[in-house]
Amino acid sequence: MFVPYPLDAQSFSRTPVIWALIFMNVFGFLVLADRKSEISGKELLFETPVMALIGESYFDQILNKNNEVSEFDSSTLSSTQKVWLAVQALKDNRFLKEYKSFAISSDPILQKKIDLEIENLIEQQSKRSSAQVGLFHGANWKSYITYQLTHADFLHLLSNMVFLFGIGFILEIYLGQLGFGLLYFLCGAFGGWLFLEMNPHSFTPMVGASGSVSGLLAFFALVEKRKNIRYAFFLSPLAEHHGMIHAPKWWILVFFLLTDLAQVIANPSIGGGSGVAYSAHLGGAIMGVIMAVMWNTLTEKQSGLNFQKQ
Amino acid sequence: MVLYDFSEQITKLRTFRFAPPHQRIISSFVDLLLLYPSAFFVVSPLIREMKEEFYFGTSMGFASFFFTAFLMVNLFVIGALTISTMFLGSTPGQRLFSLRVRSFNGERITFPQAMQRSFGWVLSIICLGLPLFEVLTHRNRLVFYERMSETFVETLEKKWSVLPPLPYEIAFGRWVLLSSFLLAVLIGFATWRDMIRFELQKAVLMATDRQMLCESLSTESLDREMRLNLALVVDYAFPEEKDCLNRELQSFWFKNDSRDSKKSSPAEAPEMQLSLHNFMVFESFSKSDYKEVCQEESQFCLLIEYLDMKRRTQNDLAKDNGDLKAIVEKLRLTSHRIPLVDFIILEEDIKATRFLPALSRLNELEKLVEGQSQELGLLLENRLVQLAWKAREFLEESGVERPQRRLASVGDGAEMREDRGSKSVGSESKEALQVLEVFKHRFGID
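As they're listed, the protein sequences go chains L and A.
Here this note's numbering is used: the first residue of the first sequence is 721, the next is one more, and so on.
Here this note's numbering is used: the first residue of the second sequence is 24, the next is one more, and so on.
Treat the hints with care, since some could be wrong.
Think about it this way: if two alpha-carbon atoms lie no more than 20 Å apart in a straight line, the pair counts; the simulated DMTMM-like pairs of lysine to aspartate or glutamate are [as the list claims (entries may be wrong)]:
(1) 74(A) x 788(L)
(2) 820(L) x 776(L)
(3) 811(L) x 843(L)
(4) 817(L) x 839(L)
(5) 74(A) x 791(L)
(6) 817(L) x 917(L)
(7) 832(L) x 843(L)
(8) 74(A) x 793(L)
(9) 820(L) x 835(L)
(10) 820(L) x 791(L)
(11) 811(L) x 776(L)
(12) 817(L) x 835(L)
(13) 811(L) x 177(A)
(14) 811(L) x 837(L)
(15) 181(A) x 960(L)
(16) 74(A) x 776(L)
(17) 182(A) x 960(L)
(18) 811(L) x 835(L)
(19) 947(L) x 1020(L)
(20) 785(L) x 818(L)
(21) 820(L) x 843(L)
(22) 785(L) x 75(A)
(23) 817(L) x 780(L)
(24) 811(L) x 780(L)
Computed beta-carbon distance windows for the label pairs [as the list claims (entries may be wrong)]:
(25) 189(A) x 733(L): 41 to 51 Å
(26) 996(L) x 206(A): 16 to 26 Å
(27) 121(A) x 746(L): 33 to 43 Å
(28) 874(L) x 146(A): 30 to 40 Å
(29) 836(L) x 89(A): 32 to 42 Å
(30) 89(A) x 898(L): 44 to 54 Å
(31) 875(L) x 134(A): 36 to 46 Å
(32) 821(L) x 69(A): 35 to 45 Å
(33) 193(A) x 729(L): 29 to 39 Å
(34) 954(L) x 215(A): 57 to 67 Å
(35) 873(L) x 150(A): 24 to 34 Å
(36) 146(A) x 962(L): 23 to 33 Å
Don't read these hints as lab results, they were simulated from the structure.
Note that the coordinates shown come from a computational prediction; the quantities given were computed from them, not determined experimentally.
Backbone N, C-alpha and C fix where the C-beta goes; we use that ideal spot for every residue, glycine too.
Chain L with its partners taken away, still in its complex shape (with noise of 0.2 Å):
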C-alpha cells in the first residue's frame, strides 16, 4: 500500500467536514450499497446461443445503424464476440429501450421469452437501491450528490476512503471547511457529469466518491508548491517495512491519475471496461486541475496585493 499522507489526522473539531464525509460514506454502503450494482454478464439468464442473437441483433440494429462499427461486418462475428456484444446490448439504453421492435429470433415464441427476460432485468436494475442513488441518464439533480456517497462494495469503499483519509485532512486546513467541501463534491459532481457525458447510452447507473478523490488528489498535486510530500507505505507489520518516507508530490499524477488518462483511452467506445468509470475518475481529476489553477491564481494575487500593501 502507497498513499499520500501529508498530515496526520486531525480531530473532528478541527477538520469536521472530513470526518463527516467519512462518516455520510460508510454509513451510505452500510445502508444503502448493493451487493451487485450492475448487471454482469454472469446475471443472465439467457443460454450462449441466445445471447449471441441478442448480440447480432445489437450490431445490426444499433451499432450498424448509428455507423459505430461501420468498418466491421456482424456475419464475421464469433459467437464469442456476439456474447461479449449481448452484455453490453443489456448495458445500452438505446437497445433496452427498443428491443421489442427487433426481431432478435424469427421463433415468436422465443422472442417472447427474450423479450421477458430484458424486462426482468430491467426491473431487477431498477429495485437496486443504485437506481435510487445513483447516476445515470434521466436521474435528478439530487443523483450528483447521493452517487458521491454510495459504494458498490467494500473494496470500494475501503480505497475511496484510505485516500480521502490520507489527503482530506491537510486539504481541509488549507481551504477551509466551506472550500474543502465545495471541492468534494464539485469535483465529484463534474467527474459524474464527463461520465454521463462519455457514456452517453449506459443503462447502468454510478456509484462511488472516486472522482471527487481523484479530484482532491490533483488539486492537491498542482496547489501548495512544495517539492516534496510524505507518503505512507506498508509492506508488513515488521520494522521498516512500515511508515512514511518523502517523495516528490508530482508522483501523485503518475500513481493515481495517469492510469485513469489510460484506461479512458485504451477503452473502445463500445464497452471494453471492467466496470470502473475512469471517465468519471478523469472527470474528477479535471475539475481537481482546474479548480487549483483557479487557486494559484487567486491566491497569487491576494499576494500580490498584500505584498503591494506592506
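Chain A: place on chain L using the hints.
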C-alpha cells in the same frame, strides 16, 4: 535459492554498503507504480485499436490481444528501466532512497547487465513480486536477477549497515512466499468461484437428478411404453447424457430388459438415439453430426439421411432411382439386424405418441424440480420454450396440410404412401395444446 555461489566475490565487496532490504522492496514498489501506468498510458492508443479489433474484427483473438498488450507494456518498462539504470545508475524508486546499482567489480553496470536486471525485475513483477523477497532470505541478499547479471544495489547513506539475513527475516520471507501462494490460490478460486460453483452445481444436480429420474424409470410398476416416454423426457432435459434413454431404447427395441446385460445388444444404441434426436430435435441435427456418428453406412444412418431429406429431394432421388420402393429396399439390405419396418413404425410412433407426451411430461418434470434447483429449473424452462414451439409447429401442421407417411404393407418390402390433407387432431394434438396452454399461462402469450 542459490543458482550459483557468488559469496567469494561478494566477500571481496564487503567494503560496499549493501542497500537495506526494505528500501529495495519499497523502491521496487515505487517503480511499479511509476512505470506501469506510464507504459500503459504510452501504449493505450494501440491497445484501443487492438481492443476494437478484438471485439469486432476477425484478426485478433483473446490470446493474441492479451499477449501483444502485455508484451508492449512490459517492453516499455524494460526499456525505461534499462535506460534509467544504465545512464542514471538507479531507477526512480532507488533514487528516492539514494540507492545505486553497481557491478560485482564495483564499477558502473554495462548495458547487458542493465538489460538483464530490468528483464529479471519485470519477470519478478509478473510473478507478483515474490522473487523480490529473496532480499530477505538469500544469504547475500541478492535477488536471482542480480546473481544472473552480477550486480548489486548499494546505498549512498552511511548510516545503513546490512547484515546477513536474520532468522526472523528468513522466516518472514518464507511466510510471505507461503501466504502469497495461498492468497494466489484463494484469489484464483474466488475469480473462478462463480463459474466453478455453477458448473459443479449443475453437474452435481444433473448427475443426481438424472440418476434419480433414470432410476425411477426402472421401477417395475412402469410399463415399457411409459419408461420410454419418461426416458425421452429425461433426454430432453439432459441431452448430453444418453445412458438413460440408451437403456430404455435397447429394452424397447430388442424386447429385452435392459437390466439383463446378457440379452441386450448395445451395438445400435447410439444410432438409435441419433435417429430419435433427428426426429424430435430437428434443429440440433446436422449433416456433420450425422457424419460424425454414422461412420459406416448402417441401416439406421441411411434411414436418418433419407428421412432428413426435403421432400423434393426425396422425390428427385426416387425419380433418379426409379421409385421409393427401391430406395427403401436398398436401405433394408444394408443391414439385417433390425427389420426396416420397425424404423418406419418408430418414426410414426415417436411423432404421434411419444413426442408430444414427452413434451407434457417435461412440463411435469419442471414442476417437480421447481424450487429444488434454480439452475435445473432454468434449464428445463428454456427447453420447454423451445419444445413448446415445436408443439405449436406440430399443431399447425396437423391442423392444415400435414403429409402423413403411413406404412401400407409390411410384408415383402416396405411400401410408403403419402396421404395429403388428412387431419390428425388426436390425443397427440391435445397433448401439444396442453403444452402450449401451460406455456401461455406462464408467459402470458396470446
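Hint-by-hint comparison with the structure:
no., hint, in the structure
1, 74(A) x 788(L), "14 Å, holds"
2, 820(L) x 776(L), "15 Å, holds"
3, 811(L) x 843(L), "13 Å, holds"
4, 817(L) x 839(L), "10 Å, holds"
5, 74(A) x 791(L), "14 Å, holds"
6, 817(L) x 917(L), "19 Å, holds"
7, 832(L) x 843(L), "16 Å, holds"
8, 74(A) x 793(L), "16 Å, holds"
9, 820(L) x 835(L), "7 Å, holds"
10, 820(L) x 791(L), "27 Å, violated"
11, 811(L) x 776(L), "15 Å, holds"
12, 817(L) x 835(L), "11 Å, holds"
13, 811(L) x 177(A), "54 Å, violated"
14, 811(L) x 837(L), "14 Å, holds"
15, 181(A) x 960(L), "17 Å, holds"
16, 74(A) x 776(L), "18 Å, holds"
17, 182(A) x 960(L), "14 Å, holds"
18, 811(L) x 835(L), "15 Å, holds"
19, 947(L) x 1020(L), "18 Å, holds"
20, 785(L) x 818(L), "13 Å, holds"
21, 820(L) x 843(L), "15 Å, holds"
22, 785(L) x 75(A), "18 Å, holds"
23, 817(L) x 780(L), "15 Å, holds"
24, 811(L) x 780(L), "16 Å, holds"
25, 189(A) x 733(L): 41 to 51 Å, "45 Å, holds"
26, 996(L) x 206(A): 16 to 26 Å, "22 Å, holds"
27, 121(A) x 746(L): 33 to 43 Å, "40 Å, holds"
28, 874(L) x 146(A): 30 to 40 Å, "33 Å, holds"
29, 836(L) x 89(A): 32 to 42 Å, "36 Å, holds"
30, 89(A) x 898(L): 44 to 54 Å, "48 Å, holds"
31, 875(L) x 134(A): 36 to 46 Å, "42 Å, holds"
32, 821(L) x 69(A): 35 to 45 Å, "38 Å, holds"
33, 193(A) x 729(L): 29 to 39 Å, "35 Å, holds"
34, 954(L) x 215(A): 57 to 67 Å, "29 Å, violated"
35, 873(L) x 150(A): 24 to 34 Å, "28 Å, holds"
36, 146(A) x 962(L): 23 to 33 Å, "26 Å, holds"
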